[in-house]
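Given the sequences, and given the hints that come with them, work out the whole structure.
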Amino acid sequence: MDLKTNEKIIRNGRANHLRASGGIGGKLFLTNQRLFFKPHLFNHDRSEETITLENIKSIVAPHSDSISKKLAITLNNELIEFFVVGKRREWIKEIEKAVFRVKKDRNIIWHNAVDSIQDIERASRFALRKIIIQAIIGGIITGFLMFMFL
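Using our numbering, the letters of the sequence shown map in sequence onto residues 6 to 155.
Here are the simulated DSS-like pairs of lysine-lysine, each with C-alpha atoms no more than 30 Å apart in a straight line: (1) Lys74 - Lys98; (2) Lys13 - Lys108; (3) Lys62 - Lys109; (4) Lys92 - Lys13; (5) Lys75 - Lys43; (6) Lys13 - Lys102; (7) Lys102 - Lys92; (8) Lys62 - Lys92; (9) Lys62 - Lys108; (10) Lys98 - Lys109; (11) Lys9 - Lys75; (12) Lys43 - Lys92; (13) Lys75 - Lys32; (14) Lys102 - Lys43; (15) Lys92 - Lys74; (16) Lys75 - Lys13; (17) Lys98 - Lys13; (18) Lys9 - Lys32; (19) Lys62 - Lys102; (20) Lys74 - Lys108; (21) Lys13 - Lys74; (22) Lys62 - Lys32; (23) Lys13 - Lys109; (24) Lys75 - Lys62; (25) Lys74 - Lys62; (26) Lys32 - Lys92; (27) Lys32 - Lys98; (28) Lys13 - Lys43; (29) Lys92 - Lys108; (30) Lys92 - Lys9; (31) Lys98 - Lys75; (32) Lys75 - Lys109; (33) Lys98 - Lys62; (34) Lys9 - Lys102.
Beta-carbon label-pair distances, calculated as ranges: (35) Leu8 - Asn60: 17 to 23 Å; (36) Asn82 - Gly28: 21 to 27 Å; (37) Ala132 - Ile85: 48 to 54 Å; (38) Leu155 - Leu133: 29 to 35 Å; (39) Ala140 - Asn37: 48 to 54 Å.
For the record, the hints were derived by calculation from the structure and aren't laboratory data. C-beta: ideal position from N, C-alpha, C; glycine also.
Below, the structure written as structure tokens:
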């Protein structure tokens, strides 16, 4: 697994990804940016799966019993990805915390961007007022000088 810039692994472990073609064995990685599934080499389906944390709408344990190890991850487009993992409750807690952090950081970035735009608008309004005042004063002085010397 190649990590992206500033990406750190939070948790990893053996897992099965339940697909239409059946259960695919492999390893599941949770990073601070995504959930990544890497199948074992001997699987017939070796396609890797990446789910960005921003794309996760919810994560639940579809069966409330303590025997089941299945996770259901609902994406923003309403698709549901199923994984079977050990220590399911810990996975759920870690994924929820990581999703919360990413969405919180994204909101902070969004609010900072909005604040920056508002600062630019305020500065633009101030600059425009200054130009208008200078134009008015310049016009008054020009008019006064023309009146005095013409």
